[in-house]
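Peer 1: Just so you know, the sequences run in chain order A and U.
If you use the numbering used here, the first sequence corresponds to residues 354 to 1055, in order.
If you use the numbering used here, the second sequence corresponds to residues 354 to 1055, in order.
I should point out that these hints are in silico values taken from the structure, not numbers from a laboratory.
Among the hints, a few may not be true.
Not everything, but these chain U residues come out facing chain A in the computed CB check (under 8 Å) [claimed, not checked]:
#: 1; residue: 407
#: 2; residue: 408
#: 3; residue: 409
#: 4; residue: 411
#: 5; residue: 543
#: 6; residue: 817
#: 7; residue: 830
#: 8; residue: 897
#: 9; residue: 999
#: 10; residue: 1009
#: 11; residue: 1020
#: 12; residue: 1023
Even glycine gets a Cβ: it sits at the ideal position worked out from N, Cα and C.
2 protein chains.
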Amino acid sequence: KKWVTLRWLSKWLVMFSIGIMTALLAATIHFVVEKLAHLKFDLIKHYFDDCAKNNCLYQPALMWMGINLVITVAGAALVTFLQPMAAGSGIPYIKSYLNGVKIPGLLTFRAFVAKTLGVVMSILGGLACGKEGPMAHSGSIIAAGLGRGRINFCNGKSISFYSAFRNDHEIRDFMAGGAASGVSSAFGAPIGGTLFSLEEAASFWNQDLTWRVFFSSMVACFATNFLISAINGDPTKLTDPGLVRFNAFKFDLKFDLIEIPVFIFMAVIGGLSGALFVVMNYKLTVFRKRYLNKNWIKIIEAGLVAMVSAAVAFGLMVGINDCTDKAPFDSHAVTAAVYCTDKKHNSLSTLFLTTPEGCLKALLHDPFESHGPVSLVAFVLIFFLLGVWTYGLSVSSGVFIPSLAIGAAWGRLVGIGVAHLMPENPNLGVNSSLIKQLDVGKFALIGAACQLGGILRTTISLTVIIVECTDDISFGLPIMIVLMISKWVGDFITTGLYDMNVEVMGIPTLPFECPPLCDDLRASDVMSHPLATFKTKEKVENIYRMLKEETFCGFPVIEDDPMAPGKGKLKGLILRNQLLVLLKKKIFCPEGQVPPRNITIKDFRDFYPVYLKVSEIDLSDEEKSYVMDLKPYYNPSPYTVEQKFSLPRVFNLFRGLGLRHLIVTDEKNMPMGMVTRKDLAKFRVGSKRGLVKIEQLKIEDK
Amino acid sequence: KKWVTLRWLSKWLVMFSIGIMTALLAATIHFVVEKLAHLKFDLIKHYFDDCAKNNCLYQPALMWMGINLVITVAGAALVTFLQPMAAGSGIPYIKSYLNGVKIPGLLTFRAFVAKTLGVVMSILGGLACGKEGPMAHSGSIIAAGLGRGRINFCNGKSISFYSAFRNDHEIRDFMAGGAASGVSSAFGAPIGGTLFSLEEAASFWNQDLTWRVFFSSMVACFATNFLISAINGDPTKLTDPGLVRFNAFKFDLKFDLIEIPVFIFMAVIGGLSGALFVVMNYKLTVFRKRYLNKNWIKIIEAGLVAMVSAAVAFGLMVGINDCTDKAPFDSHAVTAAVYCTDKKHNSLSTLFLTTPEGCLKALLHDPFESHGPVSLVAFVLIFFLLGVWTYGLSVSSGVFIPSLAIGAAWGRLVGIGVAHLMPENPNLGVNSSLIKQLDVGKFALIGAACQLGGILRTTISLTVIIVECTDDISFGLPIMIVLMISKWVGDFITTGLYDMNVEVMGIPTLPFECPPLCDDLRASDVMSHPLATFKTKEKVENIYRMLKEETFCGFPVIEDDPMAPGKGKLKGLILRNQLLVLLKKKIFCPEGQVPPRNITIKDFRDFYPVYLKVSEIDLSDEEKSYVMDLKPYYNPSPYTVEQKFSLPRVFNLFRGLGLRHLIVTDEKNMPMGMVTRKDLAKFRVGSKRGLVKIEQLKIEDK
């Protein structure tokens, strides 16, 4: 009983540490990126302003492109060579992992280094990406590391602290906490973060775990708040619970019923343009997979994107030359004058000479007159294309912020349009310019939500995240409405960006429900067979050969029936990993003798999570003739179903219990085959243009 | 394929209607209660003010007690005689239902009438209860009614519209939407409402359902907002998304790091007093179950409580005579002068001459000097005792508002204390009185959260509900912290109020995880046996007898083995309800003949959800000798496990899949016994004073 309490306590403690560490990481990244980015853009701005007079504008252009190129290539190389799993935001991987798929390499120390350093370089390299998405992945890696109580370094060395939680189930629970903490400290959204972790992991939702996940994400949010407030000067002010916030409006956001139709119209646009984004990115991803699959090509492509980003931004700033005298909302923002005079500055410079986050902030909060329609249209087009091109590069990058920025820009356009359409708005009383600013910010916010909803097809958790970011619940209602509508419109055309990713990568995630129209399929129709089975006492040679030849992760153990060999009743299930450890530890003996020793759960844990490979096992010919007694090790009550079991019910078992393999037996309890996740994930329902269709997916073997 | 789309659409449509209807109900109740309560208290106030001068104060006292008595007795009689299931808030029942327990009578038209009319009467009757809790139950009934497409009136008549969704699974999904809508329109908390529905129903959490539930709760919130805004004058203002809100603070709520220790201290108090509340109510509930179980005694008790409530309030107002000249926050509030002169009024009159909600609002928002410490102490003590006494009466009532009011009152006390301890607070600049009001309101809010957390042991959903009610996410952090701590402190002493309720009522809900230390129990240890089985072709007489004698809800169907009767292999599972319908429809024939007709799923649906009783079936002796062919009707692939299956895994199956019965088979696939929810719910882990213990519960047979 004491043991139960102790274990309970230590789980909370680990969750607490996860929250703290994630917040530390978030604050560090935030600090480093902000300082360095400011340095970089300040430098460019100076050359800009000097050269506009001296006709040497090629200097800032080349310098900008050069800086971007060098940093981005370094970041891309880091990701590509250290751990390619660290590319992108990592959210599709994390979601799949929580769904129950094992993804090797996802939670390693290498991935951590590549992810965190990589994202700093991507943003400093001027790519159209954010640092928020990758926080979920970084948080998960921290959680997995703390849960295992061990860090594995590159060269096979490791430091080990404790081993109490070394099994997939526990680690997955901690990882849920880590992902939640990551999201929570990125967006200051503890509730949204918790939901983010839990909605995918149906089998693991329980009250106790939920509290722990919530606790760690609250700790992360609080600690981030404390640290960022401290960086900004006063640690007790606690006004920055996350890395990105939309709440700096001067008034409370209010909306009127008559604005709802405008919002709905915007949601439709968001859904359509989001679907376009997904389609274009899909084509690009397929193209990349086919032609750009060499490491050096990937790095070159990243560098190219970084240079083009700088070049295009430069071109727009010089070409449009939209001058404004309105001070930007953020007093620290870098503003370049370029050709503007009279203390005016180039309005696009506040959008391009900053991080994508700063750009989003400017679009939401800058005064009404800051950005002219022409600049905004150009910005939307360019940023949309850059966003499509950037997502999927072999760099560590998030798609949240660019999506939001695109949406905020065209939302601002709509806001300007609305303000022009009804100039005699009775609300425009004394503070007309302030109200205009608020209004245009409101439309920018709605536009941002629409665009994000159209690209990512926000789930409940994303909705909550956006609402928490906005920090204004009564304005949450229109946000929820537009997120929902843009999701519907988008879903009518394509799947969401993350789902598209998962599909292209062939990760066998299971949807929430069995696809319809599969009711008459049986377990025997989908199972893999013939089956590789072991007897309770099996020859070492057979085991070794089977492990070498087959890739199955689990093997049924059957009764040793001398009359009908290979046809015995099912006794249990043994995992590939267990067999490998048993072979490695040489737990076998000549037939008839008693094995020299047993091994305990501790021995298995020592190998977790990087289990052995068959090639690492050496057996002499004599040893191969020995016999291994599997009785103490196999799981004597694996989940089984009869062959006539219907597919929807098999599906529910996998989804509800988080199974990885299920043994199919005949009426006499003899194993006939195995159903694995991959067998089920093949069936997927696509609903395109309102029609339901079922397709079989190709699942990659890894 | 068209059918799939149509079905999908109609589910959304039903969810939409659920949201609208729930909002209509909420707005109606709100309107009726507010108007009538205002009339009642205005009347009492006039007598109060007149009689204070003329020394006839017995008049308002008697009148107050009389009004309370009459209305409460009427409300209690309504609930007790029409549908006793409508007593209390209904939340424990709804949670159990979502957990997978069938509760007869919970979702009937009678329950709806008793619940909605009952709650209006309880509040007009002056009981210390709220109208918010019951909204979850009312919403669920609306949802079940709309889902079934049929209303069953008292006298067996019914109106039927459509029958597409008449099975437990679909109705449960709609019910989740209804409960969410109810919570959402009560508190203006669409996210909290969604979580409320989903956290208990682990087996039914899936993305698609989540969206539908979210949709209906959003519709409910929006419609409530619209309707209440319309009642208040301007339907397009949309500022009242729920019946109760805590957001009317004049400034944004801010907190400072140094206030956190005070909050934590308050959370500990909240946890302790919450546990005291639960313990006292538990003793009372047991006492009531034993001695006050007659209908007329229940009604008398309710009347007594109503009279005592009035008498005590009267006594306090006259006895303490705390005069204030501060205008109350709510300009419509009824204020009685009693003995006060100089346009002052009795400060307790703003707390007692109003609904409990109005009282809560006054405690949160009234000016700093409005309520003196003596009045507050007296209020806390009295309201605490009345709250304990009221919860569990046979009236329709919620415990949310009284809990919050108790906490707000002592939170306000703490706020006054803090203000006195640091008079030289540097924040107190120009607007010192306004800031004091804000501060005292802030502490009142934290106190309310602490008390609620201590009594109900808030889950994630309640946390979100409170945060949404407060409408200020950055202040959500301290609220989350105190809710968590008060939960921990309370859990150390007792279970929460709802869990206590569920336990006392003996409802077989399953916890989220198998209790620890049960690992070596097997399925065969917990199963019910011997087992009642049927052959695939069974004599009508046997079926009839078995249904009469046994109370099982499902029967295994076995192979007809002439060699060993009653020992055949398992073929499937047939439900009691199916057999009853088959008998009623006389789907049998003399042996050797082909049955005259088959019945379809439509026929079964016609009987849903009020299935037949055995006593309603008449069979002639000839018919009893006939044979029924079960083959077309039984479920050929029920979930089964082998007898050696461990208890935690059996548990996971029930929890993960929402099972009601599981067949246990031996190695040869012959059924040996059945495991039902009740068999599992017996094992429950209690953690009292930090020690873990496992107890076997008594589960009532209903």
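Peer 1: Min Cβ distance, residue 999/U to chain A: is it shorter than 8 Å?
Peer 2: holds (6 Å)
Peer 1: May I ask you to test the interface hint for residue 1009/U with respect to chain A, counting a Cβ-Cβ separation under 8 Å as satisfied?
Peer 2: holds (3 Å)
Peer 1: Given residue 409/U was flagged as interface, is its beta-carbon under 8 Å from a beta-carbon of chain A?
Peer 2: Since chain A brings no Cβ nearer than about 48 Å to residue 409/U, farther than 8 Å, the hint is violated.
Peer 1: Please verify that hint: residue 830/U, Cβ, nearest Cβ of chain A, below 8 Å or not.
Peer 2: holds (6 Å)
Peer 1: So, residue 411/U near chain A? Judge it on the closest CB pair being under 8 Å.
Peer 2: Violated - the Cβ of residue 411/U stays beyond 8 Å from chain A, reaching only about 47 Å at its closest.
Peer 1: Can we keep the residue 408/U interface hint, with Cβ of chain A closer than 8 Å?
Peer 2: Check failed: Cβ of residue 408/U comes no nearer than 50 Å to chain A, outside 8 Å.
Peer 1: With a cut-off of 8 Å on the beta carbons, see whether residue 543/U makes it to chain A.
Peer 2: holds (7 Å)
Peer 1: Holds or violated: is there a CB of chain A closer than 8 Å to the CB of residue 1020/U?
Peer 2: Holds, about 6 Å.
Peer 1: Is the interface hint satisfied for residue 407/U? The criterion is a beta-carbon contact with chain A at less than 8 Å.
Peer 2: violated (48 Å)
Peer 1: The hint names residue 817/U as touching chain A; please verify it with the least Cβ-Cβ distance against 8 Å.
Peer 2: Holds, about 6 Å.
Peer 1: Per the CB criterion, is residue 1023/U less than 8 Å away from chain A?
Peer 2: With Cβ-Cβ at 11 Å, over 8 Å, it is violated.
Peer 1: Does residue 897/U hold up as a contact with chain A if the rule is Cβ-Cβ below 8 Å?
Peer 2: violated (30 Å)
Consistency with the previously given hints fails for numbers 1, 2, 3, 4, 8, 12, ordered from lowest to highest.
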